[in-house]
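Peer 1: The primary structure of each chain is shown beneath.
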Amino acid sequence: MSTKKILLAGTMLAMIGLVWLGVVYWMSFFWVSTEVTQGIAQRIFYVHVPAAWTSFLAFGLAALFSGMYLWLRDERLDRAAVSAAEGGMVFATIMLTTGPLWGKIAWGTYWTWEPRLTLTLLLWFIFLGYFLVRSSTENPEKGKRHAAVVAIVGALDIPFIHLSVIWFRSLHPAPVVIKPEGPTLPGDMLTTLLMSLGAFTVLFLGLFLLRYSLENLRSELDTRSRHASV
Amino acid sequence: MRNYLKQIRTILWKDLLVEFRTRERLIAMGAFVVLVAILFNYATDWARVSPEDIASGLVWMTIMFAGLLGVGRTFHLEAEDGAFQGILMSPVPKDAIFIAKALANFVFLYIMALLVVGVFIFFFGLEVGGSFGMLTLVIALGVLAFVALGTLFTAVSTGTRMGDTLLPVLIFPLLAPVVIYGTGATSQFLAGRPVTEAEGSIRMLAAFALTAFFLGSWLFRFVVED
Amino acid sequence: MREYGTVTAVDGIDLSLARGEFLTIFGPNGAGKTSLLALLAGALRPNRGQVWLRGETLDFGEVEWRHRIGVLSHQGFLYGHLSAEENLRFYGQLFGLSDLDYVVNHKLQHLGLQDRAGSLVRDLSHGMKQRLALARALLHDPDIVLLDEPYTGLDPSAAIVLQGVLSDLKDGQRTIVMVTHNLTEGLALATTAAIMNRGRFVWQGKRAEIEGDFGQFYHGVIEGEE
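Residue numbers (my numbering), protein chains in the order written: chain E, 1001 to 1230; chain V, 193 to 418; chain R, 1486 to 1711.
Keep in mind the hints are simulated off the structure, nothing from the lab. Hints should not be assumed to be uniformly reliable.
Covered stretches of chain E, as calculated for chain V (at least 3 residues, CB under 8 angstroms) [said to hold, decoys possible]:
1) 1131-1141
2) 1164-1170
3) 1209-1222
Here are a few chain V residues that face chain E, going by a calculated C-beta distance under 7 angstroms [what the hints assert, rightly or not]:
4) V348
5) R353
6) M354
7) T357
8) V361
9) L362
10) P365
11) P369
12) I394
13) A398
14) F400
15) L402
16) F414
C-beta atoms are modelled at their ideal positions from N, C-alpha and C, and glycine is treated no differently.
Working from the sequences, and respecting the hints, build out all of it.
Peer 2: Written out as structure tokens, the structure is:
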């Protein structure tokens, strides 16, 4: 696919995602019923959970593309990896800011060592490393390779981090245990959540494609200016 | 295969020989460990806490920081006269180089980690009792995991402008499971609980160490390729 | 016949070399000389293009390739805290040499280092180090020798020793490629020469074809490019 088509597809998806997100916001503010025990603050859940899901999807894609890049050495795979990783950072940041906001109101403390929150925080740092490595090598190609290694190790480390933070939690039970998403989620809440998951995923894919075509354009510009200077 | 093992042994032996001639890393790490313990003494109100309560966390954090200090020097020795180029241009598979360097790091860091335990026994009267054997096993597994990721990411950070300052950012989030299971098992030992209770943690540590070693020997080639 | 076919990563250089040839590549800094050498050494992965040896393509990082290549740069690839002999034994073991004792002694003698075999490399003079580095590069009897600015930092007497050893190398059995920006030393032993600028060969010819002042000719070629 040409960069132009990807750009178009990305714009379309991002627009659809934004409109869809608007619908989700309307639903979560006006349509869905208020959760009984936690009250109004629980509505942040419709942003928090999909952001978490999207960041995991994005980081997973970044690791996958990184692995393929090391294997095939196609520049486009590296561009896809960095685009996905950036999306992951954005959505992980949303997840990490909405979590404490909710926590403060729901159980009076900003941070709880809730396993998924901890895992996301660690992932955020792993991908911070990814970007630091990328940008601090003399030779850009080396940075790409090194960053790919970080992404792959990070992704394969996730199961271990996940199991260990859950196990830690079982050793040190938190003072307040409220399960935000029990299996008995009422129908309208589930609908809103699923709608929101859809909106976030589509929005991410749109942003991902936009970011990817931007990288393509950037490298094309690089090549052209190099040719022009010779 | 015999040749492969011989090459690993050659590089490992060289690293040990050079280290035991210069003693740079062992002295630096050893001094660090003892000094940290001295500072811990003044940073802790021993009238209120007993060593057994907090020792496992302190032991593991000291191992992490001292390990960082030691593992960060992995390639300095090689860089002096471009010697690492010489190794890379010799017919040694990259995974063999990784395994040799990681094992050399393991030797240094394990000595240092045992010193950490010794220092806590000596300074703070930590009661290790009958669990000493298991404790050394858990520490060995944790150090193995540490050197696997540490060696790989030292190779990464040495190639960047940020150098060693980047290393903790890269490996600390990845090493969270090691700290969690390591301290978990250690505090169970120190509390005098039966060994079977820590079995799960030991298994997870072993699985993590193996995975990290496998990943390191597979990915190292992409890091050192020019 | 030995050919390195199209090595295009540097920028479309077609280079084929015959046994017994001594090629010197001249060029200003940043011309891509060292990269070309690294490609030939298999230390740099070509973005496009291939390296051929006796009609077979060589995969990047192939072990077989490294047995045939010896590299000497202005860095010695030596360990300061190991003795001359230990350094050679180390590399010999990495290359899997069978008669290591004989080879190491022979090389030390050949380069007049037998008296200093037990000295640590850090205690050797620069010239001796360079000789040891040469012994290291030739230890596995490579049939292709790559020299990257070998004269850098040598005092005149050491340069004469190096020159002697290099002319010994020109035994008609080996292929030698040297990159340098030193015109006099570069031409002394060359059978063919090339001038490289911006990743390309801008001139290539036999040593015998060069008449008159090569310095003037060289500057003419480079400036004609600007």
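Peer 1: So, for every hint listed, does it hold in this structure?
Peer 2: We went through each hint and held it up to the structure:
no., hint, result
1, 1131-1141, "holds (count 5)"
2, 1164-1170, "holds (count 4)"
3, 1209-1222, "violated (count 0)"
4, V348, "5 angstroms, holds"
5, R353, "5 angstroms, holds"
6, M354, "5 angstroms, holds"
7, T357, "10 angstroms, violated"
8, V361, "5 angstroms, holds"
9, L362, "4 angstroms, holds"
10, P365, "4 angstroms, holds"
11, P369, "4 angstroms, holds"
12, I394, "13 angstroms, violated"
13, A398, "12 angstroms, violated"
14, F400, "5 angstroms, holds"
15, L402, "11 angstroms, violated"
16, F414, "5 angstroms, holds"
Comparing the model with each earlier hint shows violations of hints 3, 7, 12, 13 and 15; every other hint is respected.
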